[in-house]
Every structure is written in C-alpha cells, then in structure tokens.
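At position 144 of the sequence shown (counting the first as 1) the number is 1202 in this note's numbering, and the numbers step up by one without a gap.
Please keep in mind that the hints were generated in silico from the structure rather than gathered at the bench. As the structure is a prediction and not an experimental result, all values here were calculated from the model. Check each hint, because a few of them may be wrong.
[Said to hold, decoys possible] Here are the simulated lysine-lysine pairs, PhoX-like style, with alpha carbons at most 20 angstroms apart:
(1) 1241 - 1254
(2) 1116 - 1106
(3) 1241 - 1311
(4) 1325 - 1311
(5) 1140 - 1116
(6) 1241 - 1087
(7) 1325 - 1281
(8) 1161 - 1087
(9) 1135 - 1116
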Amino acid sequence: MNRKLYKLLLVLILNVSLGHSQNDVSTLKVMTYNIWNGFDWGKDTERKAAWIAWINEKDQDVLALQELCGYNEDKLKADAKKWGHPYVKILKSKGYPVGITSKQPITLKQRILEGFWHGMLHCETFGIDFFVVHLSPADSDFRLKEAYNITDRITLHGGDNYVILGDFNAHSPFDESSLRGNKTLLEQYRGSKDDKYSNLRLGAYDYAVISRFISLPAIDVTKDFVSIDERYTFPTPVLVSPDRSKEKIDQQKQRIDYIFTSPILSKSCVNVEVFNSGATEGLSDHYPLMATFRLENP
C-alpha cells in the first residue's frame, strides 16, 4: 500500500474512533442548594438576583433546591428559565418546600409529606431517580425516622441509578475526626433550651442518620474529592449578627448538606465541589455543592 495513503487511512480511523468515544460519554452536573427562606419569601430581590447570576455561571444540568418559601411551580418555572432549565417540579406551595429543576424533562414519581418534617420529592430526569430531601432541623430521632422512611422507599423504588441530595441537617461519621475537636459547636447544641427536641444523641454528635444512608448502601461522593477540612456547607457569614461574630461562625462550620448516589452511579462521579468561599458567602446561610458525572450514553 502507498505509504501516504496508509497514513491517511490511519488518521481517519483514529478520528472516527475518537469521535465515537466522545459521543458515547456525556457530562452531567448535579447541584444542591438551600436558598435560605426563599430569599426571605421573595422580598430580598438583591440577593436573589445575585444568586441567579452565580447559578448561571455554573451551568448545572440538574438543580435540587431547599427552602423554596413563597414559591409555587409556576414561580419556580419562571425563575428556572433564567438559568436555562425549562423543566421543574416542586413538593408543595406552603411552608418550606423542596424542588428540582432540569435541562431535560422531569417525571414526577412521588410527593411525600406524611412522616416528614418538610417532605420529600422523588422525580426522574436524565434517566436517574432523584430524591430531594430536607430533614428535620430540630430533632435527631425525627431525622432518623425520616432516614428510614427514605431508604425503605429507595429499596423498593430506587433502581440502580439514584441520587439522594439536599439538606440533611445531620453529621457524617466520615467527618467525626473533625467534629471531635469542635467543643464550641458541641456546647452550642447542648445549650439548646428545647425540652422536646434534641439534635444530639445522648449528649454527643449524632451519626445515626447519615449512617443509615451509608448502609443502604448509598455513596457519599463528596468525601472522595474534598478534604475533611473543606467539606463544610454551613453556616455562611450572612448569619453574622451583633450576638454572632465572624469568629463564632467559623467555629460552627459543619457539613450538613450531601449528595449520595447509588454504588453504580458513584463509579461515574469524576468531581465534587463545595462552593464555600467567595460569592456564596453572601447568597444563603448554606453553601452549595455540585457533583460531576461522566456517563455512558445509551
């Protein structure tokens, strides 16, 4: 064979192979964000505008939201169009709803309120089951009941590809070595005046809730990409007040927002970011996190 012709054929074959390999894989970005009282029930328009501008920069494919206070589905749809998501679902229109927005169509599987502090939203988009959660902020026992409720449903309906994400208001055993030395935070929890509820378990940090999800098994994808000292998702400096200094906020740093995935889906996760510096310090009382997946196209 002519040497030049051979080289030309080789280049063509390589280009075709690379083209096929690129077309066979797609990137999926999934973010969760607690937006703090729905931007004060829609009254904080300045913070909302800054938040939408920041969200647009990240170009996530799926966005799970907590504390959509003052929202209904139409209002969420109008806002989601601003960050390029034409599809939305919301849990409810009262109290503290959770919701989800996506670049692709969303199939509603379940809206569940009974047995939950705020409720749980189960939807499918991008061929993946998403369970958007916002667990009790007040009581470890109630959160544990919610965790069993969610994991039991996933065992029945979750399939092989699922994501559980949102504000869990709970600590992870994977963060125990960091929390162990934080006596200030522990004393804050112990100092609660509420006789009915407690966020601790026998006076200590409670890891039972997150352990329940881990035992599903669901994979905490953040821990493989973010160091233990950089995983914190709460609180942000917006909570600084006359009786709550910047130093006190720093002493209260903790991780309570998570993205869990099915074991199979976790193998496709290539990165997780916790955006806990810069602009997000003024956008909510929580920091967002985003997981990136490289998925094989069907």
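Status of the hints after comparison with the structure:
A threshold of 20 angstroms between alpha carbons decides the hint, and for residue 1241 with residue 1254 the separation of about 23 angstroms lies outside it, so the pair is violated. For the hint pairing residue 1116 with residue 1106, the CA-to-CA distance comes to about 16 angstroms; that is within 20 angstroms, so the pair holds. Between residue 1241 and residue 1311, the direct Cα distance comes to roughly 12 angstroms. Compliance with the 20 angstroms bound is thereby established for this hinted pair. Taking the CA atoms of residue 1325 and residue 1311, the gap is about 29 angstroms. The hint is violated against a cut of 20 angstroms.
Pair hint residue 1140 plus residue 1116 holds up; C-alpha atoms about 13 angstroms apart against a cutoff of 20 angstroms. For the given pair, residue 1241 sits about 36 angstroms from residue 1087 by alpha-carbon distance, which is inconsistent with the 20 angstroms threshold. A hinted pair counts as satisfied when its Cα atoms are at most 20 angstroms apart, and residue 1325 with residue 1281 qualifies at roughly 14 angstroms. About 11 angstroms separates the Cα atoms of residue 1161 and residue 1087, which keeps this hinted pair within 20 angstroms; it holds.
Pair hint residue 1135 plus residue 1116 holds up; C-alpha atoms about 19 angstroms apart against a cutoff of 20 angstroms.
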